[in-house]
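Residue strings, one per chain:
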Amino acid sequence: MHTTIETADGKGKKLVDLIELDEVTVRFAGDSGDGMQLTGSQFTSTTALMGNDLSTLPDYPAEIRAPAGTLYGVSGFQLHFSNKDIHTPGDKPDMLVAMNPAALKVNIKDVREGGAIIVNTDAFDAKNLKLAKYAVSPLEDGSLRGYKLFEVPITKMVTTALEGIGLSMKEITRSKNFFALGLCYWMYNRPMEPTLAWIKEKFGKNPMIAEGNERALRAGYNYGDTTEIFTSRFEVKPAKLPAGTYRNVTGNEATAIGILAACELAKLPGFLGSYPITPASEILHELSSHKNFNFRTFQAEDEIAGICSAIGAAFGGSLAFTNTSGPGMALKQEAIGLAIMIELPLVIVNVQRGGPSTGLPTKPEQSDLFQAILGRNGESPLPVIAASSPANCFWMAIEAARIALKHMTPVVLLTDGYLGNGSEPWLLPKAENLPDISIPFATDPETYKPYSRNEHLARPWAVPGTPGLEHRIGGLEKKHIDGTVNYEPGNHQFMTDMRAAKVKKVQDSIPEQDIFGSEDAEFALVGWGGTYGAIRAATERLLAAGKKVAHVHIKYLNPFPKNLEQVLRRYKKLLIPENNLGQLAFLLRANYMIDSETLAKVQGLPFVPSEIEVAALKSLESM
Amino acid sequence: MHTTIETADGKGKKLVDLIELDEVTVRFAGDSGDGMQLTGSQFTSTTALMGNDLSTLPDYPAEIRAPAGTLYGVSGFQLHFSNKDIHTPGDKPDMLVAMNPAALKVNIKDVREGGAIIVNTDAFDAKNLKLAKYAVSPLEDGSLRGYKLFEVPITKMVTTALEGIGLSMKEITRSKNFFALGLCYWMYNRPMEPTLAWIKEKFGKNPMIAEGNERALRAGYNYGDTTEIFTSRFEVKPAKLPAGTYRNVTGNEATAIGILAACELAKLPGFLGSYPITPASEILHELSSHKNFNFRTFQAEDEIAGICSAIGAAFGGSLAFTNTSGPGMALKQEAIGLAIMIELPLVIVNVQRGGPSTGLPTKPEQSDLFQAILGRNGESPLPVIAASSPANCFWMAIEAARIALKHMTPVVLLTDGYLGNGSEPWLLPKAENLPDISIPFATDPETYKPYSRNEHLARPWAVPGTPGLEHRIGGLEKKHIDGTVNYEPGNHQFMTDMRAAKVKKVQDSIPEQDIFGSEDAEFALVGWGGTYGAIRAATERLLAAGKKVAHVHIKYLNPFPKNLEQVLRRYKKLLIPENNLGQLAFLLRANYMIDSETLAKVQGLPFVPSEIEVAALKSLESM
Amino acid sequence: MSTEDKTMTKETGAPQLTAKDLASDQDVRWCPGCGDYSILAQVQRSLPSLGYKKEDLAFVSGIGCSSRFPYYMNTYGFHGIHGRALAIASGLKAAHPNLSVWVATGDGDCLSIGGNHFIHAARKNFDLNVMMFDNQIYGLTKGQYSPTSLYGQKTKSTPLGSIDHPFNPLLVALGAEASFVARSMDRDMKHLASTVVRAAEHHGFSFIDILQNCNIFNDGAFFLYTEKETKPDNTVFIEHGKPLVFGKDNNKGIKLDGFRPKVVSLEDYSVNDLLVHDEKSKELAFILAHMTDMPGYPMPLGVFLDIERPVLEDDMKKQIDKAIEKSGRGDLNSLFREGNTWEITGN
Amino acid sequence: MSTEDKTMTKETGAPQLTAKDLASDQDVRWCPGCGDYSILAQVQRSLPSLGYKKEDLAFVSGIGCSSRFPYYMNTYGFHGIHGRALAIASGLKAAHPNLSVWVATGDGDCLSIGGNHFIHAARKNFDLNVMMFDNQIYGLTKGQYSPTSLYGQKTKSTPLGSIDHPFNPLLVALGAEASFVARSMDRDMKHLASTVVRAAEHHGFSFIDILQNCNIFNDGAFFLYTEKETKPDNTVFIEHGKPLVFGKDNNKGIKLDGFRPKVVSLEDYSVNDLLVHDEKSKELAFILAHMTDMPGYPMPLGVFLDIERPVLEDDMKKQIDKAIEKSGRGDLNSLFREGNTWEITGN
Ligand SMILES: Cc1ncc(C[n+]2csc(CCOP(=O)(O)OP(=O)(O)O)c2C)c(N)n1
Ligand SMILES: Cc1ncc(C[n+]2csc(CCOP(=O)(O)OP(=O)(O)O)c2C)c(N)n1
Ligand code: SF4
Ligand code: SF4
Ligand SMILES: [Mg+2]
Ligand SMILES: [Mg+2]
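Residue numbers (the working numbering), protein chains in the order written: chain A, 444 to 1066; chain B, 444 to 1066; chain C, 15 to 361; chain D, 15 to 361.
Incorrect hints may have been included.
Said to hold, decoys possible - Only some residues are given here: those of chain B computed to face chain C with a beta carbon under 10 Å: (1) Ser724; (2) Ala743; (3) Ile747.
Unchecked claim - Quick partial rundown of chain B residues pointing at chain D, CB under 7 Å, derived from the structure: (4) Gly494; (5) Lys734; (6) Gly755; (7) Gly759; (8) Ile916.
These aren't lab readings, by the way, just hints derived from the structure by calculation. This one's a predicted model, so the numbers in the text were calculated from it and none came from an experiment. Glycine included, each C-beta is placed from N, C-alpha and C at the ideal position.
Let the sequences and hints guide you as you build the complete structure.
Rendered as structure tokens:
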């Protein structure tokens, strides 16, 4: 839909087209020092307030602050917003803001054909071009001909706008990102007020900086309004989302909030034993700042101490958590085995990243499914579940705790760097509507037996301090019911079978596998974890194109839902997009003798829907 | 075959039957302090010298020295010897020597119906009966009616025999085991000379003890010769074994010797980075005493330092090893990932034990197959092989090193406590007939690229100290060929695929899967690792009974041999006996969509052939 | 069980336990003659005087012969994994500060695989009581050398003699700034019992290096210090505020020569010349701990250091209380609504 | 590359390298302004004087900003996994004793996850040169507190202030009996360079705690000691055989009061009254290291301890040589035939 509107500049009137779009993907890119993450998150907040559905993806460099202008120092933030329910940060950006040549070089290949590019021409000097390994300036060699290129001397404009307010040159140029943000607000017809308010709060103590940022923002907006180079503005109407209060949340924030919620719902003090590791550390940060929930965070000396302290806390009657990423998960495995043997509740959150070894520490991957389910000595089964979107992390953190408590077992919750750092609007629940997940402690000395079991095969939880329930636990095999150390062959077989049966029993307390899509599909896309959004978006496109497809997204990886085999057998063909070499496919064959096709992407990047769409079409064709 | 022979006693002549048997299984059992392991190993040596094939299994209590007389303090040693090729320490003992009531109580259930039991009646006093939880003496309540019971007052006999040579009462009673040994020598018609020679050497410095032990041994032998209670002797003729020199070897000894041999064959100095853990420590002990092979052993502060020091040594140009058992293996996984990323040769020996967690630390199990193949963060493939018998550990240690060097990769060698502590005769190879497994170091600065690859997809090994080949390695993703740190999506995908392809490539340098048994079998027993002996013995019995069965024993677990799928598809039905809950079966389904039946035994005990035979018959029937 | 003849302690008002109350129903499975028996007995005998209730005691351990300790105590107990006793105990204490938490560990468990948790728990000053059963050997795994085994010691894994310089456990503890550091031995029951009580009374991390005889794999390692004839001349018992006198006839002493200790004869010097022990001095604790390794010097035993500094679980609790005071007890609905929120109304 | 203008060193006869020779072709990727740049420069500048060949140098590290160090050195390099640098380096040195092995590690890498390997490598006395980049923060993971962060320090993981008592790295090293212990700082280039040389010259385990500014997450942590105005009054440089004088006008000194150091004014005391540093005394090293944490005292910098004791890889080599001397170079056929053997002849 096109409308032509009048818009005011200093001198008079200017006519621009106001084009209505269903969805837009923008990407901000610049040096690590350019403040692109901030720009992105401000744009996100404002967009959220306007009622769009949205999804974001930051992309940090591995270096903290790489030297300015280098290719590896480029930091990016992508935002996808829409007037309908969306699932991913977008396929190919419709617009790229590139603050320097390196940012252009790194990101240009992703921009859709005909997309818009705003560059800060002031940054395209010889030095920066060389650092970006451009022999000739891309602004001059015609290589950007396929795009709508907007050349803006951002540095100069900002310098002018901020002249005389008393900031140093360095401080002035630091406001560049607000100029870019202002310009984008103009282009996408968003209000400046939320950001203006934020600036006031954030820089309240430093009014000169606040003033500078505000001027830069307004200058950017006005630049759009005034100059002739911009002839169109775009509008994305609010999405039809369920009614309620929303906030934007990253997966790591959602996990932390879910952890706090789980403790409240379990009526237990909480404990996190943690060791920092990218991309899982934010969970520790977040929880450290909510001590008023009677929640204890403990940054241990390493991952082993992290989980062991959590095990100690669980023994002491806390709802205990430990969080980490791949290499740290490997270190925790011996202690996870201990938790399995002593049968205490514990939640292990693994925010997966690129491996093996240190691998690609800042990039997401889904390659820890094997180690989560199978990576320990001995027959050591435990429940494993996975979150599917940033906001879903909240729910799955509660779910992990619920299973851990109900079945007295450690539970692994898998998320990944994409979910952890990415964000989406979260429809806020009402605390009073959340389920009670508390379980009773054992208190009766008459009936207490450390390894007796209830109907869920869970043993009782007797907390030190309870008179008459003194008992000893540990990593040696324990006698059924009694809980004393026992080396008898028959008991070991029994207990091994029991531990397996107990985990299998979790099937009774998890939902059945659901299906999205065409009722009579013979082809299904199957996934788990962070691929949810891309698969769902691809499925929607395929459905829209009249294809009969379904999407089966598995949230419970061990044990699988009871009906999963039956669900999967409905389809002639399964295609499994995974950010690994086919781990879920392997498990489905091993569990059910059900074969599938794998679409493997191991590039430190999440899937975009089109990749899946294309693969699905190919796969459908060959059916 | 029966012959009646004359045998001399002090007083005159005695007629006894000399019964020829094909095979015999004896078990010695007593307190940890009773010297049963020594008795067993002496009987073994002598039996080996007589040319029988044999197989042994010690069974230690978890405690170092449990209080005398307790049930959990019983230590046992089982020996199976035969005039033909045998594979296991025997099904059910034909004879049990029980030095006290606890030893009888713990072991009686295993003795075959009608088997012989020699007890030390002197130990059956009220205190010991109570400790063994016998309300009434089993010697008196008729409960041993189904067996041939020989009641021998061993303590008294020894006390008499050793009177006056100047030993304390404590020292005298310590010789009881030699009396028992002497008696068994008489019963099974074995010479005393090897043990007499051994006593001389061992106790040379303490002639009084030597004299005591010699007298006790002779007293036991003579007791058999003299008293009327023994009316039969048994004879097992030498086995028809391949010609050559033999020695008896435990799996852990064989592994250590294989490691030393591998270093010689690779023409490299050797290094073991280790941390003690049952049942793997003997490998460290053995290697520590062979420093004249220019072999360095390093007892590190923990398992992580054990493997990391080995990785450092490998970087430094040594052929490096690390050994451990289950829980230690879990701790090493993060560093194994590093070894996979840096592509240096390294052999990780995991002598498996009962799990999960500390589990049953002195008991064998096969439950680390999953963690060996799949237990790390990221896509982190590596070759995994398994030894099948004590002597086979020698060959598989060399094989692991060969693969590690040829393909520049860490390799896991799985053995278990049963193989590690069990023993069998080993046909000694000639060093000069062993293969050369050496590979050249890189030395040419012109052509050297850290991550270039040869036809086996192995990268070159450039050892510090080599001029011009200075380079940097590490756990971050590396650029193909170049070896510099690289975060590019395409490179990560390429390298992930490359690491998988490289491990797959090992298929080209390992033997094809072989088959034992009936050519036209439709039923096969499939196994891996330490179940070899029991499965092979069961297969032989089934074949002897005219059943059409085959035995497929898989030594190469990752990658599987090229032809494995094709081999397995020949059979209508597969039965997989495993000392776990079905890990190989899981992998076969996941790899080939080939289903099987699992015979799971998770009792801290190896299979005995009859268990497998029975299960196979049942399985055959239902075909 | 009759509680009638139990006396009441002043501190808690609970009936005072007896040693027997603290013995679990499990058979003690150490080798006959092992020094661990004596340690168990002293702990069971000395704890009752402190007035704890059984249910408020927790014993945590790693893996090793010594780490079987919790099974024999009729209290809450946790037999952990090798080396991790202190990490588990730290979490337990952090989450449940009211418990009296004890750690039974070995020289291998505590200082080899567990060394890192040891130094960190010490610096963080959790209120844990750590008893390290120091037999200078790996007992449970049948006789490999440990981080405290002597240079040259022949063991299963050092058939040609150890070439590792051993740790001095007290120096390690002092380097990590443990707030209570002591040494005692299995065969001096009175000293051991009183040291255990001192450790319990200390608020903060307490470490006792307990010399313990492993009669199977390292028999007699400490006989010089534990046996009647040799003990007086080869040990010096240090006590706060007292001069360092030792010897068969109390005829020798330790003097300071600058900052180095010196053995002197009390024929040449008076008691007033001798070094007087000061448990509050880190420098002196180090000097005395270091004396252990000086040839010709007696083995010092006793409490080397006993100082106060903030206890981690106390600070944790304080931060929580302060946060609640400042922002109120956390409320889920406001937590959910932190930051920017927006409303979508029915559409 | 031209080697003509290279001078020859006496020790090895190899052409002496220049700092540039030691720089790899990789872009240095630390934050602009990071103290790590200075450390890199000093190492590259000071190593050539020691006469090593490039190929005989190996740099090993763990994970952290500081652990990127090996990538920037044109020598053999190993970027390990977090905390394990010393374990890897120990194996490398044991297996290849001729190399000069350097470890670049951070306060987190070395003292948090790597603490156990640190104390064990120190006691075992491998001939390793360990440079710990001590910025009192986790740099690479973006600003959590480290084991050397100050009590009360606000970081990402301690928004309410750290409640951990920090390690004094020198005390930890001394408790583990490291044979060479020093402290220097990124911003004192000369001192740093000379300390690096001293570490290299020491045969055995050398540890340098290098105070390093992380200008992103902990900017200015050491400005009191590094900046012109405040440095003289807040630091004391210790040198073997020299009295401890400091202050803007060299007007202050450290005296010993029993075994406790005391700051005195040289108006009241003469230089002759002052404590004279002795690198050979473990007791003094401890006293001075401990002084770091004493409020009102200057930060001591320099070599605290430099003593000789057996080096592990030397002993390893000796045991091998002795074993070969005793039993001859190992021979496989005799190895196979150890113990009882028997013959089976064709049948
Ligand atoms: C992860 C792991 N590594 C190794 C072992 C084997 N292990 C058990 S106890 C022990 C050492 C025991 O020595 P110490 O701590 O001194 O105790 P002691 O038996 O002497 O009392 C070892 C190495 C284990 N159980 N787990
Ligand atoms: C096993 C493991 N745990 C955690 C991490 C994450 N990690 C990387 S570096 C680091 C700490 C860095 O701090 P420091 O050693 O002080 O080095 P700096 O960056 O300050 O130089 C952490 C926690 C990791 N890479 N691997
Ligand atoms: S092995 Fe040693 S430490 Fe262990 S129980 Fe026996 S005597 Fe005690
Ligand atoms: S984060 Fe700190 S330590 Fe790391 S490179 Fe940047 S300034 Fe240096
Ligand atoms: Mg010990
Ligand atoms: Mg740091």
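Outcome of the hint check:
Among the interface hints, the one on B/Ser724 holds; its C-beta lies about 6 Å from the nearest C-beta in chain C, closer than the 10 Å criterion. Here the hint on B/Ala743 is kept, as its CB sits about 9 Å from the closest CB of chain C, short of 10 Å. Because the beta carbon of B/Ile747 sits about 9 Å from the nearest beta carbon in chain C, less than 10 Å, this interface hint is met. Contact between B/Gly494 and chain D, as hinted, is supported at the beta carbon level, the nearest pair being about 6 Å apart and thus within 7 Å.
Evaluation of the B/Lys734 hint against chain D yields a held restraint, the C-beta minimum of about 4 Å falling below 7 Å. Taken as an interface hint, B/Gly755 checks out: its beta carbon lies about 3 Å from the nearest beta carbon of chain D, inside 7 Å. Here the hint on B/Gly759 is kept, as its CB sits about 3 Å from the closest CB of chain D, short of 7 Å. The closest approach between the C-beta of B/Ile916 and any C-beta of chain D is roughly 6 Å, which is under the 7 Å cut-off, so the hint is satisfied.
Against the hints set out earlier in the document, no violation occurs for any number.
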